[in-house]
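Participant: All chains, full assembly: derive it from the sequences and hints.
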Amino acid sequence: MAGTDLVMYEEEFHLIDAELQRLHNQANAKVVFLVDKNGQLIASVGETKGIDTTSLASLTAGNIAATGGMAKLLGEKEFSILFHEGEKDNIHISIIGQRVILVVIFDQRSSLGLVRLRVKKSSEVLTGIFETMQVKSEQDKAKGKTSASPFAEITDEDIDNLFG
Amino acid sequence: MSFINYSSREINVKLVYYGPGLCGKTTNLHYIYKKTNPDAKGKMISLATETERTLFFDFLPLALGEIRGFKTRFHLYTVPGQVFYDASRKLILKGVDGVVFVADSQLERMEANVESIENLRINLAEQGYNLDTIPYVIQYNKRDLPSVAPVAEMEKLLNPKGLPSFEAVATTGIGVFDTLKNLAKQVLFELKKGR
Ligand SMILES: Nc1nc2c(ncn2[C@@H]2O[C@H](COP(=O)(O)OP(=O)(O)O)[C@@H](O)[C@H]2O)c(=O)[nH]1
Ligand SMILES: [Mg+2]
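Those sequence lines, one after another, are chains R and Y. Residue numbering for the first sequence follows this note's numbering, starting at 1 and increasing by one per position. Residue numbering for the second sequence follows this note's numbering, starting at 1 and increasing by one per position.
Keep in mind the hints are simulated off the structure, nothing from the lab. Keep in mind it's a predicted model, so treat the numbers as computed, not measured. For every residue, glycine included, the Cβ atom is placed at its ideal position computed from N, Cα and C. Keep in mind that a hint or two might mislead.
Claimed, not checked - To list a few chain R residues with every Cβ distance to chain Y over 10 Å, as calculated:
id : residue
1  : HIS14
2  : THR54
3  : ALA71
4  : GLU138
5  : LYS143
6  : ASN161
7  : LEU162
Stated by the list, open to error - Pairwise CB distance ranges (calculated):
id : chain 1 : residue 1 : chain 2 : residue 2 : range
8  : Y       : ALA87     : R       : HIS14     : 33 to 41 Å
9  : Y       : ASP144    : R       : GLU153    : 36 to 44 Å
10 : Y       : GLU118    : R       : GLY69     : 16 to 24 Å
11 : R       : GLY97     : Y       : LYS71     : 40 to 48 Å
12 : R       : THR132    : Y       : GLY128    : 19 to 27 Å
13 : Y       : ARG143    : R       : VAL125    : 48 to 56 Å
As the list claims (entries may be wrong) - When the alpha-carbon atoms are kept at most 30 Å apart in a straight line, the in silico DSS-like pairs for lysine-lysine are as follows:
id : chain 1 : residue 1 : chain 2 : residue 2
14 : Y       : LYS94     : Y       : LYS71
15 : R       : LYS136    : Y       : LYS43
16 : Y       : LYS192    : R       : LYS88
17 : R       : LYS143    : Y       : LYS43
Facilitator: Structure follows, in structure tokens:
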């Protein structure tokens, strides 16, 4: 299969979560979340209750993919920041380390300038975390140590049960 | 490109329904949506034109339950079938874990089926996937219509390798879950190999 599957362990997850929390506080944001480029939600913090984060994640990735396609047609590598302004809420989307997407939703309690500034700082931290993750998984692979798949023992029956 | 989160004990898998325009991809998702109990499904999202033709994609997240203590989520996508939406189709195939090819059984759509499968093979290859090795199911849809090609002929034309295939009538749901289940099984067994 193409590319490496994204595997997230406890340790990195906590680092990422802590950084998203920090960003959420410092940027005065409503919601902050992280999505992989295929549209799968990695982590979210803030007032996520009334928000369908799964769908937002998928649409965010579609949005980035579509603008990425536009960039290519124009000979740009990518458009690394997208911003959508609404009547109440605004959404700031940026690509981190070419692999994941950081989304910040904010209202009048914050401002675009503040969000941009804080996103920039968090991007550096998050890039570092994802680089470490990458190196780790490559090292594991080189050692021939494949992470014990939780599905190693999976049976036909397990799958039938899923569909009830 | 499945995403395993050991921290929240979740696994996310991306499945794509591919096929020529109007073959019944969106109808498959509608049926699955209708038959899945409310707490297992998210909202179905359709980015469609005013005439209900898929413009970018349909998206249906399913959280069916747990396997070995891991919440297992399937993200189902359809692509727009019309030839001129090729750029969008390529985008949706990014990070795909398994593909359903929905073929339209009507005789007059055979050429469209063949073209679409070729297009699938090319677009997958561009992303570094091989149609011969990726988890894959073929669905012969619209079996209820009068002017359909015999399944044996469709197999010869569209499935010379004899990969898993199902007959279906997506509007009434015949074959819809058999198709999905078979693909889910292939994808999860792929994960079992561990990478
Ligand atoms: N008779 C019949 N019609 C079907 C079947 N599946 C889909 N259709 C119809 O075919 C048309 C196109 O279906 P749609 O799901 O939108 O196609 P898509 O372009 O592949 O997403 C709709 O009018 C459906 O009701 C089927 O199994 N039998
Ligand atoms: Mg459609």
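Participant: So which of those numbered hints doesn't the model satisfy?
Facilitator: As far as the earlier hints go, 1, 2, 6, 7, 11, 15, 16, 17 are violated by this structure, in ascending order.
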